[in-house]
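Note that the protein sequences, when read in sequence, are chains A and B. Here full-length UniProt numbering is used: position 357 in the first sequence is 357, and no number is missing along the way. Here full-length UniProt numbering is used: position 344 in the second sequence is 344, and no number is missing along the way.
One should not assume that every hint holds.
Since the list gives no way to pick out one identical chain from another, each pair is judged satisfied if it fits inside one copy or across any two copies.
Under the rule of at most 30 Å between Cα atoms (straight-line distance), these lysine-lysine pairs were calculated in the DSSO-like manner [to be verified]:
#1 Lys297 / Lys57
#2 Lys294 / Lys69
#3 Lys33 / Lys65
#4 Lys37 / Lys65
#5 Lys119 / Lys164
#6 Lys22 / Lys34
#7 Lys2 / Lys333
#8 Lys297 / Lys325
#9 Lys294 / Lys57
Don't read these hints as lab results, they were simulated from the structure.
Number of protein chains: 2
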Amino acid sequence: MKINRNFDNLVPNYLFADVAKKTNAYIAAHPDKKVIKLGIGDVTLPLAPVVVEAMKKGAEDLAHKETFKGYPDYEGYEFLRQAISDYYKSFGVAVGADEIFVSDGAKSDCGNIGDIFSKDNIVLVTDPVYPVYVDSNIMAGREIVYAASNEANGFAALPDENVKADIIYLCSPNNPTGSAYNAEQLKTWVDYALKNDAIILYDSAYEAFITEDLPRSIFAIEGARKCAIEMCSLSKTAGFTGTRCGYTVIPKELERDGHNIYATWYRRQATKFNGVSWPVQCAAAAVFSEEGQKQIKENISYYQENARIIASALDELGIYYTGGKNSPYIWLKCPNNMGSWEFFDLLLNEANVVGTPGEGFGENGAGYFRLTSFGDRENTIEAVERIKKVLTNLSK
Amino acid sequence: MKINRNFDNLVPNYLFADVAKKTNAYIAAHPDKKVIKLGIGDVTLPLAPVVVEAMKKGAEDLAHKETFKGYPDYEGYEFLRQAISDYYKSFGVAVGADEIFVSDGAKSDCGNIGDIFSKDNIVLVTDPVYPVYVDSNIMAGREIVYAASNEANGFAALPDENVKADIIYLCSPNNPTGSAYNAEQLKTWVDYALKNDAIILYDSAYEAFITEDLPRSIFAIEGARKCAIEMCSLSKTAGFTGTRCGYTVIPKELERDGHNIYATWYRRQATKFNGVSWPVQCAAAAVFSEEGQKQIKENISYYQENARIIASALDELGIYYTGGKNSPYIWLKCPNNMGSWEFFDLLLNEANVVGTPGEGFGENGAGYFRLTSFGDRENTIEAVERIKKVLTNLSK
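Please model the entire structure based on the sequences and the hints provided.
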């Protein structure tokens, strides 16, 4: 009985555990201080009312024989897939309802999609990176190459023609750097993928935060239907982190190595997944209704205003950052060439503000720091004032 | 860019598609006939009232900032894991709340658990078999060996000391054969696994249908904590096929090949899964409440009575079968040495009753047929009367 030895190659990531440990130790030692957490990667605002009503109605359906629902379709109910297709249409992207798979979240799909690919593929990720892309491929035994996101490219890595890759993970707007690709940049990735016969796995979980004229889907780019799969989620769009629903788009014409990718993923899902809960699919469909869109946009605007408040303080202080616009994340360069953890300690001890050290997301994160906009407005304002005070004193 | 070529080794199973095609053709040709489906593998009774109320309350929690829930724990909320642990205790099995992983269903866990095992393991399944065990291991490239369930062993295969296996899938009460292992039989499997340093993956999805003095968990057997993982589901227990919730139990002391299995699975789930929806976990916990147990048992009794009605007709007719007791399935030998599809056609054309040909579940299913108890009482009675009439005429 042999274990998958690739698990031995996983590097334990204690980032959030260490953040929690240091934070809790500080709070225990200073019970009188009010510590504000701007490191939080989870949403805090409640679900939109119309979404909750739809979920309750879905629950009520299950209480009566006439409306009871058994096993759902593996790919999701048609009414939800059609609503997602219409949503894409609302920003000018054509995706068929029959190209959509509904799932319990983008993380599951990002991780499980590897099942359909050979282990003999080279995987490219941008660094800093959302750890799931790396760890799920280490588990599968694949070779991983890194494209550096850094100040020179605005933390939005572009392809290197000299690097060969078969599977490319892109996340835009990016977690953790908040940077978002424009159409021209994305086109270089699509061209690179087509030239290399590669597939792009495009994580668009933060597309709802885009405010400027930037692509909200890889399928806004010419050629993408021949080289890309897109994963999206309602977690940040509509506060579904605890409700669990996402979706993956696979163009019907996408083929590789003699296989139709849609059909292959369908076979995988039919074998190892049994669809998404009925009340959750009802709730998800309500997100895409006219009223639902109006209500979720209020929440998104709230987070966006938090991000703007943080970003303008950094502007005032003259600190380099990416994100803040088009993203709930603000990725900043630690002042005075401080290391990520050095800056973490400074903010915790002097401003009583908690953020996330960038080096936890990859080597290009060293010397950087992530703040998020998912907190309270009042706390965000107070945290920013404290940060400004500490950093102003620092530069004196 | 290479596809996982193991997908080429999957054998397309058109069983249910072919059943639907033949049934629909018959209905189209005979619009006046009332066709009754006893092939259905999905539940039909609504959720218990207390479960629906808990789900609605969970949905309402998400509507307010004070009670909102974000990312759930990967392994499930403690209150639900404790409720499951207490449920085990109610039939005399000690399983810690900290040994339980809550998931979106047993099928996901049965399929995904393979991630933590090397592809160089030999997998043993009993035949006839639930196709997920086979297909998920073909996708992973593992060698599969089959243990024959047949009339000689009451469709409850026992280990063959001459066969070497590393991973053993057992399902009891069994889908599709309805047979259930007794403690002595399960002990032979546990002993075999311990001797071979193998792991048993025990699917107990139908344990709630057990009425006789039979083990409801592999962990009722001495030694199982050193060689077994158990997967269970609320799909058939509480009508959760459309609600989606299951659980997997991994004893903390289970080790193989230098790895702790609980820790390895936790790492897999933390990387590729984001937990189960809050309202669904609330609903699941209600299943295990005193009132919930009372209410779900009414539904189970309803199905059990259907099974009894089918089984006693077969007794009258002198037809060999397994299941019917301790299981929602009745697995019968086609009379007059008919083939599975021959018998299917006879029942469809002469009795207007639809069942499932056994050969779709593996070679030992040839000449057998599956009926299920998940239909209406009235229809079940009518179907049974028609079957009796057709088979009585046949033997004349």
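Going down the list of hints, with the structure as the test:
no.	hint	verdict
1	Lys297 / Lys57	both (23 Å within a copy, 25 Å between copies)
2	Lys294 / Lys69	both (29 Å within a copy, 22 Å between copies)
3	Lys33 / Lys65	between (55 Å within a copy, 24 Å between copies)
4	Lys37 / Lys65	between (47 Å within a copy, 17 Å between copies)
5	Lys119 / Lys164	both (15 Å within a copy, 27 Å between copies)
6	Lys22 / Lys34	within (15 Å within a copy, 69 Å between copies)
7	Lys2 / Lys333	neither (45 Å within a copy, 39 Å between copies)
8	Lys297 / Lys325	within (15 Å within a copy, 54 Å between copies)
9	Lys294 / Lys57	both (20 Å within a copy, 24 Å between copies)
Violation of the numbered hints given earlier is confined to hint 7; every other hint is satisfied by the structure.
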